[in-house]
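Residue 1 is where the sequence shown starts when you use our numbering, and the numbers rise one by one after that.
Think of the hints as simulated: they come from the structure by calculation, not from any bench. Keep in mind that the hints are not guaranteed to be accurate.
Keeping only pairs whose Cα atoms sit at most 20 Å apart, straight-line, the calculated SDA-like set for lysine to any residue is [stated by the list, open to error]:
1) Lys257 / Gln197
2) Lys210 / Ser182
3) Lys279 / Ile247
4) Lys210 / Tyr190
5) Lys279 / Gly28
6) Lys244 / Pro219
7) Lys49 / Gly28
8) Lys210 / Arg233
9) Lys179 / Thr107
10) Lys257 / Leu237
11) Lys272 / Met140
12) Lys179 / Gln197
Computed from a predicted structure; not experimentally measured.
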Amino acid sequence: MNILMIAAHPDDNDFRCSGLALKYLRDGHRVRFLSMLNGEGGHQTMGPKEIAARRRKEVEAVIQSTGLEYDVWDIPDCTIMADLPTRERLIRYIREFNPDVITCHRTNDYHADHRNSALLVQDAAYLLIVPNYLSDTPAMRQTPVILYNEDAFKNPPFTPEIVIDIDDVVEEKFKMADKHVSQVYEWLPYTRGEQDQVPQDPAARYEWLKGDMITADTPDDIVINGGLRGYRRRYALPAALHRKQLIARYGEERGSKVRFAEAYQVSEYGRKLTPELEKQLFPY
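Could you build the full structure based on these sequences and the hints that come with them?
Here it is in structure tokens:
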């Protein structure tokens, strides 16, 4: 299968949906990340060209460590609009890759880049199959299944329809985050006022990134409300929040023990996901 994971910035896909991506890669499928913006806004001291180049190197480190395909477009951060030229660029891009599944942001989000990249996917969805539109790039025969990545926004709330156990790949997911040094150890701590907490030693800062220990015995309410910090908590939160869905998918014995998970909502703009198609596309 071809899996296309579309996000606004370099690292968005790594944080949100790389567990599922790693499972697809392990099974021999083709997986591509697309960052629609170049990342030039993501630093407190480095200028746009300098940080964009640095983030490109971080993406290359992820490619080397995982085998992912990973494209970064040349659109500057904080400038993407759901306009006609960008829509047409995206339609051609998706048609050429011919994905079975697309993942993307939802359109309600704190960041205009996230919202507009999601809106572009929505605007492109049906047009992917229209032969008389952008006929220089052959239309697809059917619209891909489109999934939204999980977020915490409430108007409307995220609806978890597919919840995937990622316990077997979570350490690789931590390592992918660790490759984005400029973000997880510099920019994001700066935005949270935590710069003074970040260790200088690479091994120590990696443990700081992962944060508080969470095991299969950690109660879900502690994960949700217990004041834990770090990416262990971030990646464990979907399992704690969506325990019923995990049990429904995997059974009581396994579902009750899953510690790390990713959750997705099915977009009505994509191909209808029947139970049979779900088993084919998401056999995890």
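So, going through the hints one by one against the coordinates:
1. Lys257 / Gln197: This hinted pair is violated, its Cα atoms lying about 32 Å apart.
2. Lys210 / Ser182: The given pair, whose Cα atoms are some 16 Å apart, holds under the 20 Å limit.
3. Lys279 / Ile247: Holds. Lys279 to Ile247 sits at ~16 Å (cutoff 20 Å).
4. Lys210 / Tyr190: Holds, because 17 Å separates the two Cα atoms, which is no more than 20 Å.
5. Lys279 / Gly28: holds, 17 Å
6. Lys244 / Pro219: Distance of about 14 Å is within 20 Å: holds.
7. Lys49 / Gly28: violated, 36 Å
8. Lys210 / Arg233: Roughly 8 Å between the alpha carbons, so the hint for Lys210 and Arg233 holds.
9. Lys179 / Thr107: Since the Cα atoms of Lys179 and Thr107 sit roughly 27 Å apart, the hinted pair is violated (cutoff 20 Å).
10. Lys257 / Leu237: Roughly 13 Å separates the two Cα atoms, so the pair holds.
11. Lys272 / Met140: holds, 16 Å
12. Lys179 / Gln197: OK: Lys179 and Gln197 at ~19 Å, within 20 Å.
The structure is inconsistent with the numbered hints 1, 7 and 9, although it conforms to all the rest.
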